[in-house]
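Q: For reference, the chains in residue letters:
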Amino acid sequence: MKELIETIVKPLVDFPEDVHVNVTEESDRITYKLNVNKSDMGKVIGKQGRVAKAIRTVVYAAGSTQQKKVFLEIVE
Amino acid sequence: MRQVTATGQTVVEAVKSALAQLETTEDRTEVSIIDEGKKGIFGFGSRPAIVKVTVKIDPVEEAQQFLLDVSEKMGVAANIEVKREGKQVQFLLSGEKMALLIGKRGQTLNSLQYLTQLVINRFADQYFTVILDAEDYRKRRNETLIHLAERLAEKAQRTGQKVTLEPMPSYERKVIHTALMGNKRIKTYSDGVEPNRHIVITPNK
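Listed in order, the protein sequences are those of chains E and W.
Position one of the first sequence corresponds to residue 1 (UniProt numbering), numbered consecutively onward.
Position one of the second sequence corresponds to residue 1 (UniProt numbering), numbered consecutively onward.
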């Protein structure tokens with residue numbers, strides 16, 4: 001999953017080396033926290049959050065095969 | 001962007017050496033000559049040729065690789081066929097587990113299509129439109145939409161009230177507008193703001 005998020009995000013940003021994903025696992029949910037370079041924030045969120053929404057849709061689709069609920073947060 | 005600077009006794013040899021280092025062919029690169037070099041006499045006053053070779057990024061190939069990588073990470077082994085017509089690039093996916101890539105009402109497919117469009121246009125000089133299809137999903141969806149449109153148009157006429165459809169992406173709305181264009185008893189228009197823009201069918205009085 002972590003790899004999937006990186007695969008999606010890296011080609012979209014100017015600083016692929018600054019893309020990091022941190023995983024927090026709880027009993028019933030897994031939260032992926034996505035970090036990108038500050039100047040790339042706009043690129044991963046997009047107009048009206050369109051890009052963020054598209055990334056989430058793809059990630060959640062891949063997460064649907066897993067037992068736990070998957071969440072993706074974009075943090076600065 | 002990958003590029004190397006190489007030297008050789010002649011320009012041709014320098015380019016050859018650069019291409020070998022980059023493991024590519026000449027038609028995929030841009031070559032700029034920094035120094036043509038000089039032969040000299042008996043090795044005196046000779047200068048090697050220097051060239052700079054840059055690998056051109058093919059946006060379509062880049063986008064295809066992106067799709068391959070993403071679907072692989074999703075656990076789907078997809079075959080991708082690329083069709084290019086002017087500004088429009090179609091990627092036709094096939095293989096097992098396509099349902100996962102399509103998602104409910106095609107929302108995963110639409111998201112992937114949007115992301116692929118972003119990737120392709122990052123490297124492109126001209127603006128490309130990406131169409132992503134998996135196992136003829138778009139064609140089947142179009143047929144469903146046309147059926148839905150006809151049914152709801154009839155409902156609008158019968159009840160004399162307007163019928164509001166659920167939000168859809170622009171090209172799906174276009175399918176419905178086009179399907180009902182010839183129907184003189186009703187009118188269609190889109191209402192709301194993306195991503196909640198949806199079609200409304202009203203009966204003509």
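Take these hints with a grain of salt, some might be off.
Stated by the list, open to error - Below, a list of computed lysine-lysine pairs in the DSS-like style, where the Cα atoms sit at most 27 Å apart:
1. W:LYS52 x E:LYS43
2. W:LYS83 x E:LYS10
3. E:LYS68 x E:LYS38
As the list claims (entries may be wrong) - Just the calculated beta-carbon pair ranges, DEER-fashion:
4. E:LYS38 x W:PRO195: 22 to 30 Å
5. W:ASN79 x E:LYS68: 25 to 33 Å
6. E:GLU17 x W:THR202: 20 to 28 Å
Stated by the list, open to error - Reference listing, derived: stretches of chain W covered by chain E, where coverage requires no fewer than 3 residues with Cβ under 8 Å from a Cβ of chain E:
7. 68–76
8. 102–109
9. 131–143
Note that these hints are calculated values from the structure, not bench results.
By construction, the Cβ of each residue, glycine as well, lies at the ideal position given by its N, Cα and C atoms.
Q: Are the hints correct? Go through all of them and say.
A: Here is how each hint holds up against the structure:
1. W:LYS52 x E:LYS43: This hinted pair is violated, its Cα atoms lying about 32 Å apart.
2. W:LYS83 x E:LYS10: 25 Å, holds
3. E:LYS68 x E:LYS38: 30 Å, violated
4. E:LYS38 x W:PRO195: 22 to 30 Å: 26 Å, holds
5. W:ASN79 x E:LYS68: 25 to 33 Å: Given range 25 to 33 Å: holds, Cβ gap about 31 Å.
6. E:GLU17 x W:THR202: 20 to 28 Å: 54 Å, violated
7. 68–76: holds (count 5)
8. 102–109: It holds, with 3 qualifying residues against the three required.
9. 131–143: With 0 residues in contact (Cβ-Cβ under 8 Å with chain E), the coverage given for the region 131–143 of chain W is violated.
Taken one by one, the earlier hints fail for this structure at numbers 1, 3, 6, 9, listed in ascending order.
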